[in-house]
Each structure stands twice: as C-alpha cells, then as structure tokens.
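*Asks:* Sequence:
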Amino acid sequence: MLYDTIGRKESEWAGMTASQVRGVGEQPGSVLVIPVGSVEQHGNHLPVVTDTLLVEAMVDTAIERLDDVPVVVTPPVWSGFSPHHLSFGGTLSLEFAHLRATLEDIAHAGIQNGFDAVLFVNGHGGNSSLIDAVVSTVGVDTDAEVLGTTYFHLASDRIEELRTTETGGMAHGGEFETSLMLALRPDLVGDPEVRDGEPMDEHYRWGGQDLLDGGNVAVYRSFDEYSTSGAIGTPKQATAETGERIRSVIGDELAALMTAIHESNS
Numbered sequence: 019m020l021y022d023t024i025g026r027k028e029s030e031w032a033g034m035t036a037s038q039v040r041g042v043g044e045q046p047g048s049v050l051v052i053p054v055g056s057v058e059q060h061g062n063h064l065p066v067v068t069d070t071l072l073v074e075a076m077v078d079t080a081i082e083r084l085d086d087v088p089v090v091v092t093p094p095v096w097s098g099f100s101p102h103h104l105s106f107g108g109t110l111s112l113e114f115a116h117l118r119a120t121l122e123d124i125a126h127a128g129i130q131n132g133f134d135a136v137l138f139v140n141g142h143g144g145n146s147s148l149i150d151a152v153v154s155t156v157g158v159d160t161d162a163e164v165l166g167t168t169y170f171h172l173a174s175d176r177i178e179e180l181r182t183t184e185t186g187g188m189a190h191g192g193e194f195e196t197s198l199m200l201a202l203r204p205d206l207v208g209d210p211e212v213r214d215g216e217p218m219d220e221h222y223r224w225g226g227q228d229l230l231d232g233g234n235v236a237v238y239r240s241f242d243e244y245s246t247s248g249a250i251g252t253p254k255q256a257t258a259e260t261g262e263r264i265r266s267v268i269g270d271e272l273a274a275l276m277t278a279i280h281e282s283n284s
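All the letters of the sequence shown, read from the start, carry residue numbers 19 to 284 under my numbering.
No lab work stands behind these hints: they were computed from the structure. Each residue gets a CB set at the ideal place from its N, CA and C atoms; glycine is no exception.
Estimated spans, in silico, between C-beta atoms of each pair:
#	residue 1	residue 2	range
1	282	25	28 to 34 Å
2	25	257	31 to 37 Å
3	282	233	26 to 32 Å
4	32	238	32 to 38 Å
5	85	237	42 to 48 Å
6	182	27	31 to 37 Å
Given only the sequences and the hints, what does the whole structure look like? Please build it.
*Replies:* So this is what it looks like as structure tokens:
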C-alpha cells in the first residue's frame with residue numbers, strides 16, 4: 019500500500035518535504051520526471067495495473083543508474099487513455115482532453131519549483147500521441163525544456179535481440195510485458211495455463227504489430243476485435259530472465275536520456 023512504501027527512495031516527490039523538492043528543482047540542470055501509465059485489462063494472466071507498475075519500475079531502474087543528476091519523480095499518473103479496452107471490463111480510462119489537462123497541470127505546477135526540464139515517461143501505447151501533444155502544449159508555455167518518451171520504444175533494437183518470439187509475440191500482454199512482470203512481481207502473474215495470447219491480426223499491413231513495431235498507420239479498433247482473452251502475443255514464452263534483461267536495457271537507455279537532459283540544461 020502507498021502508506022507503507024512512499025518515501026523509500028530519495029528521488030520520490032511524494033516522500034519529500036516542500037523545501038526538499040524546491041532544493042532539487044533549483045539545482046542547475048534539474049529534471050522532473052512524470053511517469054504515465056494506465057489501469058486496463060491485460061488478459062487473464064496480468065493485473066490491470068501492469069502499465070503503471072512497469073513504467074514506475076523502469077523509471078526507478080534508471081534513477082538507480084544516475085550519478086549526480088538532480089532529479090525528482092512525481093507519483094505515477096495511473097489512469098491513461100484506454101477507451102479501446104473498456105469492452106473487457108477492469109479498465110479505468112480518462113477522456114483524452116481530461117488526461118491532457120491533468121498532465122499539463124502537473125507539469126506546470128512542477129516547473130514552478132524551479133525545474134529546468136520535464137520528462138514524461140509513458141508506459142501505455144494508447145497514451146503515446148497524447149504525450150506527444152502535451153510536450154508541445156506545455157513546452158510552448160514555459161522556459162523549461164519539455165520532453166516525452168514511451169519507454170518500450172527507447173531501446174527497441176536492443177530488445178529485439180532479446181526476444182524469443184517473432185514479431186507480434188511482444189504485443190499487449192505478450193512476451194514483453196509478461197517477462198517484465200515475472201521479473202518484478204511474479205506473484206501478480208497468472209499460472210502458465212491462463213497465459214493466453216492470440217496472434218496480432220491487423221487488416222492493414224502498415225498497422226502496428228507489437229510493442230516494438232508500432233506501425234506507420236493508426237487505426238481505431240475496440241480490443242475485442244483483436245482478442246478474445248484481452249491479450250495479444252505469446253505470453254507463454256515469457257521468462258523472468260528475459261524480463262531482467264529487458265529491464266536492464268531500458269534502465270540503461272532511460273538513465274542515459276536523463277543524464278543527457280541534465281547536461282543539456284546545466
């Protein structure tokens with residue numbers, strides 16, 4: 019529970035005093051990190067908090083690798099833009115405009131504490147275009163540098179080398195997310211017999227195939243058009259070992275990005 023975990027990391031906004039937050043924000047090249055996830059169905063074998071849990075874990079992994087970078091991480095924004103998952107139940111989704119306004123407000127309030135840069139780190143594919151928009155809407159109204167990334171796009175080439183499945187196997191609830199969850203919270207992963215995923219079957223060949231292949235054409239479909247279980251890909255091939263390797267790769271890349279942002283704004 020939050021009351022038992024907040025404040026265990028030095029960089030957590032929620033566990034700091036107001037003066038401590040301002041003290042970091044006023045340092046040269048300070049970076050405010052805003053993790054953005056979702057609460058949505060992930061098939062029969064993963065919890066609905068998967069995207070929020072994973073993006074927070076990837077940010078934490080990156081922070082552990084930093085050296086003398088003044089950084090503060092806000093509590094994760096746990097509800098994303100997930101209307102395409104609502105038909106399965108278990109999903110809590112904000113309207114696009116509401117989530118955009120929420121992220122803008124968090125960023126602007128954070129910047130008032132003196133931060134030189136803001137980095138949105140996204141953990142849900144359905145948020146990607148919204149994050150891109152917020153980078154512009156916040157960036158145009160502040161002197162701070164504003165950036166955004168979706169963590170599983172950061173090091174896709176290196177992750178491709180780790181996968182055991184073909185393209186499509188690392189889609190929603192597939193090998194990628196299930197491996198990370200097995201590495202981080204195996205107690206929340208269903209037994210192998212319920213790890214059901216289906217091949218990605220997008221009519222347009224230009225559309226996305228899995229988390230590492232977002233495609234060049236966006237098309238809206240309710241998720242029940244893709245899957246009967248709510249998962250796509252090959253979760254049965256997921257392993258904790260693959261998850262640890264993925265976590266290490268993303269942690270390195272995200273830490274390198276944060277360091278570059280700090281150096282650019284110092």
